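S.K.: Now for the letters of each chain:
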Amino acid sequence: MSSTAESTSILRFTVSDRLEHIAQITTFVPLAVTGLVQRYAGSGLSQGIITLFGGIESVRIIHRVFAAILMVAVVYHLGAIGYRRFVLNIPRSMGPSLADLRAAGQTLAYNLRRRDSRPPQGRYTFEEKIEYWSLVWGTVLMVATGFLLWNPIAGAKILPGSFIPAARAAHGGEAVLAILAILVWHFYHVHLKHFNKSIFTGYMTLEEMESEHPLALTMEVADPPSQDELRHRRNRYVPLYSLGAFVLLIGIWLFVSFEDTAITTIEPLESPAVYAPIPTTTMPLATTTTMATTGSTLPSTTTTVIVIAEDLTWASIGPIFEAKCLMCHGATNQTAGLSLATFNDTIAGGNDGPGVVPGDPGTSMIVTIQEAGGHPGQLDANEIANLRAWIDAGAPEK
Amino acid sequence: MDTDRNIDSDLNVATFDRPDGPRWAARRSSVRRLTAGAFALIACTALLMLAFDPGGVASAQDDARFNNDTCLSCHDVPSLEVPLPSGETLNATVDSDTYAASVHGQLELPCVLCHTDIDGYPHPEVVAETLRDFAVERYTSCFGCHQDQYSATVDNVHARARAEGNSAAAVCTDCHGAHDVARPSHNDVDITQTCRSCHSEVYDLYAGSVHGAALTDGNTDVPTCTDCHGVHDSQGPTDTNFHLFSPQLCADCHADQELMGKYGISTDVFDTYVSDFHGSTVVLFEELAPDQETNKPVCVDCHGVHHITAPTDPESSVFKENILSTCQRCHPDATTNFPAAWLSHYQPSPGKTTLVFVVRLFYRILIPVVIGAMLVYIIFDLARRGRFHRKAERVQHS
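Sequence lines, in order, name chains A and B. First residue of the first sequence: 4, per my numbering; consecutive thereafter. First residue of the second sequence: 984, per my numbering; consecutive thereafter.
Bound-form chain B, shown alone:
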């Protein structure tokens, strides 16, 4: 298990080709790696061919056809519009100041680096039926420079949703912007706002949670969207292994003594979960059958997902008065005493769950005493028998 909680470290896309963070990357199958590798190889070859092509990118700034000023001479003009079959209008206007201020503009990257289908005028006809189709068509050119980040997205939850026909699922530009692309700020609030633009209902739940409220108050210790879901290789609850793995995401922070110490929160939560019936089952499924579902709950099934609140909050699903109805979600016949069958993340001690502590202590004493006594008996018995046999042999010899 990877316990590095800085999943957002893979947001540090300061330069090209920085790999994604270790968490999900490590969980990617080698097949996917191979696919990504092959993809990268083809793209590199294509780029190399372009470089040796006199009309290619290398000479872009020399050839008027690839000079940004040439492009902007038309595209800087407002109301440059292409009607689409869907009835929507593709706005082909690029504000030169916006582009100049973007991270790509600052590097003076040529337009055609992304708009790889343009090599002069007239441009190839726009084939996209809708604005969304056009965005989905165009984002693939990000791969040219950002192979690792791009490759990490090819099997993420958005890519899979898109493969299933949901074209609204995010592509690079939905989060990063297009002509106004900026360096990732790595700011926790910015991250939540970026995700919010498509997942506003989830965001609203999060904003009301103990984590979201703390973030609003400026506390960046709390998890943001990407801490749990990953960045480019984002995963969601539709992934079976995401559900099974999720306790370890929680544990990344909640088993961290230093971090939890700041808030006086117990770090036993993961260990106590795993040592009980639900947790041990989930961990076994996670390790042995990650592609299978189990009906045993993970952290979020009792505590809440995005709208998670502190157990001391009367709104919390695990607040003392609410816990029975939470148990009843899976155990419909449960009655008043039933929730006490769960030790509430406490290690058995004389003060808490005394009975369990006493039973454990009893066997901790009984087992060595009984087995020890048996061994002592056997040792004496063996010693006596050895003596007896030797004596018997002597008697026989004499």
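So here's chain A without its partners, still in its complex pose:
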């Protein structure tokens, strides 16, 4: 850095401060994004972002990872404040005071043209203190409510159950407040009003300091402590802080691993046998229940009333054949060479010989085949009885 730059630039933020700010950005932004998409999960934009992150469960994991990083950053911040205060012995500059209230009133008066100049302010203006303490308050609240959301069972062991949904409402409400405050207050003061790069570069020009933090320039600076004194304080502070940080980190570890809230698979409330047919159910193929029960058990002689025709001639037998046999044993389609279409055809028989042996139904194939049952075009018992009687009577044509 050139000598002129040194003469006009004043160190405002140490490397540690600047890193803390970077850590703040890198946790706040992902937390805000992954949190907002959960709060407004119904919107298309949220769902697009959720998909981008690999689904809602991933979003929740990302949110929690950054929450843990933020909490670690808080532990670091506490150490940094302590170091400044107790080792370097730098006076408090962020603490709220009556002077801030006065400065706020005077700024208001200036803005309302009741005053000609802005009130001179110190290292941190009241506007900056508002932002810092909002952040502190917000972080405490988010950590506390976040704990309840992360560990609802543990939370409900101590607190009433309704604290969990209340914590959810507060976590979401505070998040919206914080995000809007950053977008309005923070962006106005360090980006819009004029771009204040000091948190990144670490330096402010003398002019800027004179305009914004004049009291910081005129503040009495205590003599820096001697090297021995510094070493002595550091040797006292570092172990103490380390112990405190260790306890806090254990606390964070507990925070993130406290409970397994839920099991991974839901067991169904009921588990009936999916397929449990009613025993009386009939097979669908059986046309009706009656058919199904009678069809397989019915011996044809037990239920059929036998009525032998008075006129046992072709005139009464022919129609039986016509109704049940001619499809296969007709004049045009003589299955097995047999036609039962006419009296003469019937007597002539088929390839296997005569179907009808007049006077001897016992050797007539037409009877033996039908009485054996199961022939397509099965005659019923009454029809077979008539056929038998007709053959017995010599199978007369007329």
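Just so you know, these hints were derived from the structure itself, not from any lab. One or more hints might be untrue.
[Stated by the list, open to error] List time: in silico DSS-like cross-link candidates among lysine-lysine, alpha-carbon distance up to 25 Å: (1) K1303(B) / K160(A); (2) K1303(B) / K1335(B); (3) K132(A) / K200(A); (4) K160(A) / K1335(B); (5) K1245(B) / K1335(B); (6) K196(A) / K132(A).
Please read all numbers here as calculations on a predicted model, not as lab measurements.
Model the placement of chain B on the given structure of chain A, informed by the hints.
M.R.: Chain B alone, transformed into the frame defined by chain A:
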């Protein structure tokens, strides 16, 4: 989301080719549509070829081989039996009166319209090993006339079970019957009885539920099997997206103000579910990752599935005294206070879950007040700065 609750409207198969109801149909993938379309095209072509074939269906009534009387001349006879390799007996008897009374019989549809493999006698040999195989073999001919209904079944829960080797899974004829097929009655009780024939254990649970008991009392507002599971495109709990989608099935009725008004039941149940942790997760999974499981519960996981009872019923899993053990099914470590973390479907109000109401109200006031104050400050600050700059410019110019 389709909120039409009349899923049973797709039972109106008054004529051929009536598409299935919108609910599941809309959820069918286009690939499946294409498959079904191709299937339909092939079948239509086949039917057309049959129509131009002189021995085909068009001339069925003229050709004795395709005349129902011809078929019935054999098949109307009892004890027409075909032994199967399984030892079962295929009863090939058709009661002509039963068929005549069926919806197909009333239309005098020829037997061969369904029995497409028959074109005379002797018939082709029965290749089915079991009665069930025969039924599964034969039901495919339903597609010839009922393409849409049939196509809707090709990817349903039964078809998938069958594809996995469970031949007992229902085919068309199991629900509709075969030779005794009747017009669907659309009667809620009939529907439950049809499903009961295979799912008797599920039916018994349903019959004891608040829905089933009301149906027994003649109340048809309640859901029957098909209202939740669909008709031809029936879905079941083995479908991941069925579980995820199920809250919307419940909402179809339980978010219906008119319907719920009749019974004094709150219609907030769906919205309150979705606005909380479980519901928002389930909806996100349903919309973004329907093929994935989540361990977050849906309605039935807390309330019960088929055996669902009113929350006021001491038997109910969400009855006040039972709710902790219901929570513990997923949250084994939950204790007495834990169930109150869930707002029991109440919108936060001064009377119910006061704390949540107060927190929400607090942020509803705090956010606009704080952000508003910041904006007011910024506006005054900008105005003053603008004036200051103009003044400064004037001073410079003079």
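S.K.: Identify every previously stated hint that the structure contradicts and give their numbers, smallest first.
M.R.: The structure breaks none of the hints.
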